Amino acid sequence: MRRRNMIAGAGAAVFASPSSAVESTRIPADLPEGTRAIARFVNLPDKRRLLRLTDRPPNYASPINVFTEAVTPNDRFYVRYHLAGVPSAADMDGWSLSVVGDAVAKPLRLRLSDLLDLPSNEILSVCQCAGNRRGFADPHVAGVQWPDGGMGCAVWRGPALRDILKAAGIKSDALEVWLSGADMPVTDATPPFQKSIPMEKALDTDTIIAIAMNNAPLPLLNGYPARLVVPGWVGTYWMKHLTRIEVSATPLRNFWMQTAYRVPTGLFPVERPFQSQVTETTVPVTELVVNSVIADPLDGNEVDSSGFTIRGVAWDRGAGINRVEVSLDGGGSWQDALLDRPLGRYAYRRFSLQTGFLRRGTYRLVSRATSRTGERQAEKPKANPGGYHNNVPRPIAVVVT
Amino acid sequence: MRLLLATLLAALAVPGSRSVLAEEGRAPLQPGVGEDLTSANCNACHTSDYIVMNSRFLTTDAWKAEVTKMRTAFGAPIDDATAAAIVLYLGQHYAVPAKP
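Top to bottom, those sequences are chains S and P.
The first sequence begins at 1 in the numbering used here and counts up one residue at a time.
The second sequence begins at 1 in the numbering used here and counts up one residue at a time.
Just so you know, the hints here were simulated from the structure itself, not pulled from any lab data.
Keep in mind that a hint or two might mislead.
Stated by the list, open to error - Under the rule of at most 25 Å between Cα atoms (straight-line distance), these lysine-lysine pairs were calculated in the DSS-like manner:
1. P:Lys99 to S:Lys382
2. S:Lys166 to S:Lys106
3. P:Lys69 to P:Lys99
4. S:Lys171 to S:Lys106
5. P:Lys64 to S:Lys380
6. P:Lys64 to P:Lys99
7. S:Lys106 to P:Lys69
What you are looking at is a predicted structure, and each value in this text was computed from that prediction instead of being measured.
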């Protein structure tokens, strides 16, 4: 078994520290009024106290307080579906994965036991919806109105996609890997949710087919029994209930690749462009942008004048975080936060800042992160029609009493 | 490791996963002319919460674009007259005025 010692070593410490943060009860005031009217905290099968946005298709955000920890528990992990045909666990009985396509030499059909027989990789990685924080866009744009909980970070385990592709024999003209899951549209006229990734990303040793999440089977609503894990890339490529892998010499042409999940060319930094899906005017949303969030205290909390600890997490596309600054005055002045040791290049990095004595009054807390490549959170919103990649530092208010 | 995971997988019984849908919030759409058509057509694929969630910040034209997207990109079987009635309803209850 190939195992990443770094993660194995980190696991114990990470799992051992229960959150002492207060449960979030507020629905952010800067979400659209209609979103505020329908959003409420709910329990679901396998899920505890998530912020409901919509029930069908199911979309639920993690509450902000879970991000005091570097690992997001399975029962607090966000849920995002495009189509209402969500499979049941019973539907997944007898699940298998097909590996086919014009660029495959030897088509395969794999069962769960076959995946368990392959060498297993483990990676601690953030999975974030491209539209996370869309709900805070000003002006608002259409779509699922995510607050800041359309994300999570988990220990994913399973075989590397490249080992499966190797077993199937990839032809030299292979260009993209097309991905399909078991979730289905309600009518045949709706295009099934299908995505693709370039060969380069497919052959990356960190791209795995996860059959375990935080040492447990994947929750149904996170893609049971197997989902693709594409570290550093937005969640739309992390196909849930993965049933079919098609290796092709041609780019995937469908609504989900050519129309949805695209941003204006050049608006966001990208290290490795998804060349076969680039046009002159737009590019697919792929690599995450650097970002951070304060998870404790929460917006609207009262804190003591003797001082308190500001805690949260920061993450990026995989360069790693090397600085988080925190402001108590809405971004007027900044102090360096303390960083926990890094748990992996794709993982959350925790930060904290202990304040001194503070006078009574309202304070506007903000965090901003910088990656090892010098990429810092955007100072101004980069408006785009889909409301993607919102990483502008967002102040929260606390009252010192 | 394989045995452990196999045991975990076997132990995972998620009876009635459809209960996600059973808990579904009921359509809180505002009453008015066209509400029935809007609910009947849109709810085939998603709850009315999708409409309320996206309010109020879209103009009537932006709602029209959303309805068009549902018909063309998602294949919603809605004819022109019905689409026009839905846009009218959304424009009256869930839109903001266009900026001059």
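Consistency of the hints with the structure:
{"no.": "1", "hint": "P:Lys99 to S:Lys382", "result": "21 Å, holds"}
{"no.": "2", "hint": "S:Lys166 to S:Lys106", "result": "10 Å, holds"}
{"no.": "3", "hint": "P:Lys69 to P:Lys99", "result": "23 Å, holds"}
{"no.": "4", "hint": "S:Lys171 to S:Lys106", "result": "10 Å, holds"}
{"no.": "5", "hint": "P:Lys64 to S:Lys380", "result": "30 Å, violated"}
{"no.": "6", "hint": "P:Lys64 to P:Lys99", "result": "16 Å, holds"}
{"no.": "7", "hint": "S:Lys106 to P:Lys69", "result": "39 Å, violated"}
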